[in-house]
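Asks: As a plain string of letters, each chain reads:
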Amino acid sequence: MSDTMSDSMETSAGAATKPTPESVEGVGSTTARASSVSEWVDSEKNTVLRFTRSMPGLDGHTAWQVLAAEDARPFLFLQSQSQSSLTLLVIEPRLVVENYSPVIAREVLSEFGFDDAAHHLLLSIVTVGSNGRSTMNLKAPIVVCPSSMKAVQVILESGDWPIHYPLYPDDTGEDPNE
Amino acid sequence: MLVLSRKVGESLVIDDKVQVKIVNVRGNQVRVGVEAPGSVSIVREELFRAIASANRKAARRNDGAISALASSLRVSQDASKRGGTR
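Order-wise, the sequence lines are chains A and B.
Using the working numbering, the first residue of the first sequence is number 1, and each one after it goes up by one.
Using the working numbering, the first residue of the second sequence is number 1, and each one after it goes up by one.
Keep in mind the hints are simulated off the structure, nothing from the lab.
Heads up, some of the hints might be wrong.
[Said to hold, decoys possible] DSS-like mimics (lysine-lysine), calculated; alpha carbons at most 30 Å apart, straight line:
no.: 1; chain 1: B; residue 1: 17; chain 2: A; residue 2: 150
no.: 2; chain 1: B; residue 1: 7; chain 2: B; residue 2: 21
no.: 3; chain 1: B; residue 1: 7; chain 2: B; residue 2: 17
no.: 4; chain 1: B; residue 1: 7; chain 2: A; residue 2: 150
[Claimed, not checked] Looking from chain A toward chain B, a few residues come up when the C-beta cut is under 10 Å (computed):
no.: 5; residue: 52
no.: 6; residue: 53
no.: 7; residue: 57
no.: 8; residue: 88
no.: 9; residue: 105
no.: 10; residue: 109
no.: 11; residue: 125
no.: 12; residue: 139
no.: 13; residue: 140
no.: 14; residue: 155
[To be verified] Here are some chain A residues the structure puts well away from chain B; computed CB gaps all over 12 Å:
no.: 15; residue: 36
no.: 16; residue: 42
no.: 17; residue: 43
no.: 18; residue: 48
no.: 19; residue: 50
no.: 20; residue: 63
no.: 21; residue: 101
no.: 22; residue: 119
no.: 23; residue: 122
no.: 24; residue: 147
no.: 25; residue: 148
no.: 26; residue: 149
no.: 27; residue: 157
Ideal Cβ positions, reconstructed from N, Cα and C, are used throughout, including at glycine.
Please work from the sequences and hints to get the whole structure.
Replies: Have a look at this one:
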């Protein structure tokens with residue numbers, strides 16, 4: 001999956017970071033075959049995900065709007081349609097962990113009415129730490145069916161994926177301004 | 001909470017479609033078998049609780065840290081491309 005970090009991303013401390021929906025150019029029906037979240041978001045209007053069951057701890061919130069803020073890419077927001085103050089920061093996990101390939105049983109996906117069980121996208125929920133260090137949940141990915149806009153958070157009972165996978169090394173020693 | 005007694009080999013049926021069977025008992029460990037449609041999520045309670053807690057913690061106001069996060073991620077990806085340690 002190509003690294004789509006060619007967009008300039010300025011750190012603008014203090015600037016408004018409230019996510020605004022991207023204006024999306026429709027490029028035809030690529031959603032059903034979108035092979036990356038980035039492609040999917042770029043080609044879809046009104047990206048409201050309908051969860052077939054609410055996520056653990058977030059009972060009653062089954063409709064989530066996908067918001068893309070250009071200065072936040074590749075992160076995306078999910079915003080609950082029943083409570084706008086409730087947002088989740090998400091990222092496509094394979095952008096960070098290239099070999100992340102959890103087994104999501106096809107029967108599970110078919111039962112959810114995922115039209116095309118083979119073509120699903122994954123999103124990991126990001127927790128922003130108080131010290132700026134963030135983690136993403138690889139243990140319970142959100143599985144998205146682009147063609148039906150259905151989604152479900154699946155808890156991976158097997159496998160060693162952590163709930164709190166650090167998003168970047170503690171100390172790279174790199175100058176962040178390079 | 002509904003509490004029932006079962007012997008090894010006996011079962012419960014939940015909501016007509018979930019069957020819980022006591023497979024084996026050894027000491028204080030019980031092996032429980034569950035038959036359910038694929039859409040029914042079955043996880044150990046402590047794992048469910050941990051996910052619920054992580055979800056709730058993540059679902060707060062996320063304003064402010066986003067740009068910093070994105071540029072930090074780019075730094076990390078550049079570092080790993082240059083052969084930096086993860």
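Asks: Take the hints in turn and mark each one as holding or not.
Replies: Each hint, compared with the structure:
{"no.": "1", "hint": "B:17 / A:150", "result": "holds (23 Å)"}
{"no.": "2", "hint": "B:7 / B:21", "result": "holds (9 Å)"}
{"no.": "3", "hint": "B:7 / B:17", "result": "holds (21 Å)"}
{"no.": "4", "hint": "B:7 / A:150", "result": "violated (41 Å)"}
{"no.": "5", "hint": "52", "result": "holds (7 Å)"}
{"no.": "6", "hint": "53", "result": "holds (8 Å)"}
{"no.": "7", "hint": "57", "result": "holds (3 Å)"}
{"no.": "8", "hint": "88", "result": "holds (5 Å)"}
{"no.": "9", "hint": "105", "result": "holds (6 Å)"}
{"no.": "10", "hint": "109", "result": "holds (8 Å)"}
{"no.": "11", "hint": "125", "result": "holds (5 Å)"}
{"no.": "12", "hint": "139", "result": "holds (7 Å)"}
{"no.": "13", "hint": "140", "result": "holds (5 Å)"}
{"no.": "14", "hint": "155", "result": "holds (5 Å)"}
{"no.": "15", "hint": "36", "result": "holds (15 Å)"}
{"no.": "16", "hint": "42", "result": "holds (17 Å)"}
{"no.": "17", "hint": "43", "result": "holds (21 Å)"}
{"no.": "18", "hint": "48", "result": "holds (17 Å)"}
{"no.": "19", "hint": "50", "result": "holds (15 Å)"}
{"no.": "20", "hint": "63", "result": "holds (14 Å)"}
{"no.": "21", "hint": "101", "result": "holds (18 Å)"}
{"no.": "22", "hint": "119", "result": "holds (18 Å)"}
{"no.": "23", "hint": "122", "result": "holds (15 Å)"}
{"no.": "24", "hint": "147", "result": "holds (18 Å)"}
{"no.": "25", "hint": "148", "result": "holds (15 Å)"}
{"no.": "26", "hint": "149", "result": "holds (17 Å)"}
{"no.": "27", "hint": "157", "result": "violated (6 Å)"}
Checked against the numbered hints above, the structure breaks hints 4, 27 and satisfies the rest.
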